[in-house]
Amino acid sequence: VTGQPVILLIDDNAGEKTLIAMALELAGVAAVVRTARDGIMGRDALRGMMSGEEPWCQLVILDLNMPRMDGRQLLAWVKAQDALHNLPIVIFTSSHLDSDRSDCLAAGAADYWVKPTEFADYQTLARALSTYLRKSAKAG
Amino acid sequence: MTISLPLDERERIAKRVLIFALPVLLAATVIVVVSAFFFAPERPRWGGYIVCVGAIVSALLGYRGKAQLGTACLIATLGLAMCVGMWVNGGVAAPIYLVSIPLAVLVCTVHGRYWTWAFLAVIGLLGIGCVYAESAGWIAPPPPFNPVLKVIIVMVFTAVAATFSIIPIDLLQRSRRTVERSNEDLKQFAYVAAHDLQEPTRMIQLYLQLIEHRLRGSVDADTQEYLAFVIVSANRMQGMVRSVLDFSTIGSDQKPFSRIDTHAALNQALANLAYDIRLSGALIEVKPLPKIVGSEPQIVRLFQNLVANAIKFRSASVPSIIISSESGVTGTIFSVSDNGIGIAEGSAEKLFGLFQRLHAQEEYPGEGIGLASCRKIMSLHDGRIWFEANRGSGTTFKFFIPDRTLL
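Keeping their order, the protein sequence lines are chains S and Y.
To convert, note that position 100 of the first sequence is 100 in this note's numbering; the numbers rise steadily by one, no gaps.
To convert, note that position 88 of the second sequence is 88 in this note's numbering; the numbers rise steadily by one, no gaps.
Hint data in this document are derived by calculation from the structure and do not stem from the laboratory.
Fair warning: there could be bad hints in the mix.
[To be verified] Here are the computed distance ranges between Cβ atoms for each label pair: (1) S:Gln81 - Y:Phe229: 29 to 39 Å; (2) Y:Lys255 - S:Arg127: 29 to 39 Å; (3) S:Met41 - Y:Asp220: 38 to 48 Å; (4) S:Lys17 - Y:Ala190: 28 to 38 Å; (5) S:Asn86 - Y:Gly239: 40 to 50 Å.
[To be verified] Anything over 10 Å on all C-beta distances counts as not near chain S; from chain Y, calculated: (6) Ile277; (7) Phe387; (8) Glu388.
[Said to hold, decoys possible] Partial chain S-side listing against chain Y, Cβ under 7 Å, derived: (9) Gly15; (10) Asn65; (11) Val114; (12) Thr117.
C-beta: ideal position from N, C-alpha, C; glycine also.
Build out the structure end to end from the sequences listed, making use of the hints.
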């Protein structure tokens, strides 16, 4: 509505939103970050989008380990929805496991990022996100 | 081609073989003992005693508290010892020696030690030699066996075999399960604690970076200094958490041991350290290294930690590192020798502990996890690691990896 692309951040860690929003701002990427605190709330937000109750988002950043419904389950659910076919999902997790990475990419995640410990790396992430936003905008 | 199976798989197969073989062996024992008791002449032979006692000793040597499997081996060997002893005393030795061969192979396969094999072979040969020497009249036979004593011995053997076969299997298994479970719990605890600490530590680190950025230039020198301390500590905490995580994941991949080329493993380790080696100008000499049975990623890591230490703790002179090996009867001793600063006397105890450091963080940064990892890798290989001070300067780290057979 405001014209700015929307990023849906699904993560139970409340500190993550500020870091990502600040990194986007510093990287000059105009975007609104909305949050959902676990898989269930993330799924509800996406359902709301599909039914037109909530504004559409252009990108999902998804944590893997969350209470109630974890990121793997939510990823599988998203990939089963035709209406969300073009929505890129970027996995953002503290898991270094190669198996998690390959499983998520095989399940249809657009990218896999291990959560960094340096703020500079958040800015790299923000720049990567902007390319997804552009692609997503082009795809309509 | 080498077929390698995980240890528990080997144990499972051996167990299945033994479950089948045990009743047969026990039945054979009963038949042979009874027939020997009734039909064999009363004249005993030295060869019989030797094989009898030797088989029991070898079973005890191979036993090593390996719960059900060891118990089963013990019973089987006891049964065989009785058979062989009685038969040899009865004068019909040869066919029974043939029976002992598959058992010896089984024991050796299960325990992966060929000296059990060798021991049984020596006992067997000695027994046959004695039987031959006696029948040729070179040595006098032992005094005649008291029939009452014979009955007592048979009864004691049978009682011991029965006790081992019925009661302790379950008890031993249960106690082993308890130990395994508490070990597993502890491993899980370390992993989970480190894993879950990662997130809050990371948040502290990141938000400190933001705070520092925001406050830069607007606070006094003291506050700036305090903040710097907090940041350094948060970074160290993150490093330690990461190290515990790394340490607790060693050996958790459950990959079976295979025949590996230690030379290739060392080359991989050196490739991983290429930057440090170039930067320090270290001279590295590699002597011929053998193939062993083990875990390749673990051996790579072991070499990598030792060589990295040799470079890190270098003296004023150009680091010179020699990697060599020496194969013995039961395994191989590998050496990684350097000309570095050496290790202060009396710190051997501390050296291989987790988070143990002999130097200040500012002097030599690190978490104190490298040698603890090496020790863990060695214990997963049933090996041992230690160090010796070089004459002149420097240290030689040595580790021993026992030979092992693959089923």
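Min Cβ distance, S:Thr117 to chain Y: is it shorter than 7 Å? Status holds, d = 5 Å.
Could you let me know if the closest chain S CB is still more than 10 Å away from the CB of Y:Phe387? At about 31 Å from chain S, Y:Phe387 clears the 10 Å cut-off, so the statement holds.
Proposed interface contact between S:Asn65 and chain Y, which counts if any beta carbon pair is under 7 Å: Violated, because the Cβ-Cβ distance from S:Asn65 to chain Y comes to roughly 9 Å (cut-off 7 Å).
Using the nearest Cβ pair, does S:Gly15 come within less than 7 Å of chain Y? 5 Å, holds
Is the gap between the beta carbons of S:Asn86 and Y:Gly239 within 40 to 50 Å? 41 Å, holds
Against the range 29 to 39 Å, how does the distance between the Cβ atoms of S:Gln81 and Y:Phe229 compare: consistent or not? The hinted range 29 to 39 Å is violated for S:Gln81 and Y:Phe229, with Cβ atoms some 50 Å apart.
Against the range 38 to 48 Å, how does the distance between the Cβ atoms of S:Met41 and Y:Asp220 compare: consistent or not? Check passed, 44 Å falls within 38 to 48 Å.
Range first: 28 to 38 Å. Now tell me if the beta carbons of S:Lys17 and Y:Ala190 are that far apart. Distance hint for S:Lys17, Y:Ala190 holds at roughly 31 Å.
Range hint 29 to 39 Å: satisfied by the CB atoms of Y:Lys255 and S:Arg127? Between Y:Lys255 and S:Arg127, where Cβ atoms are some 38 Å apart, the hint holds.
So Y:Glu388 supposedly isn't at the interface. Is its beta-carbon more than 10 Å from every beta-carbon in chain S? 37 Å, holds
Confirm or reject the statement that Y:Ile277 sits farther than 10 Å, beta carbon to beta carbon, from all of chain S. 26 Å, holds
Does S:Val114 pass the interface check with chain Y, least Cβ-Cβ distance below 7 Å? 11 Å, violated
Figure legend: structure checked against the earlier numbered hints; hints not met, in rising order: 1, 10 and 11.
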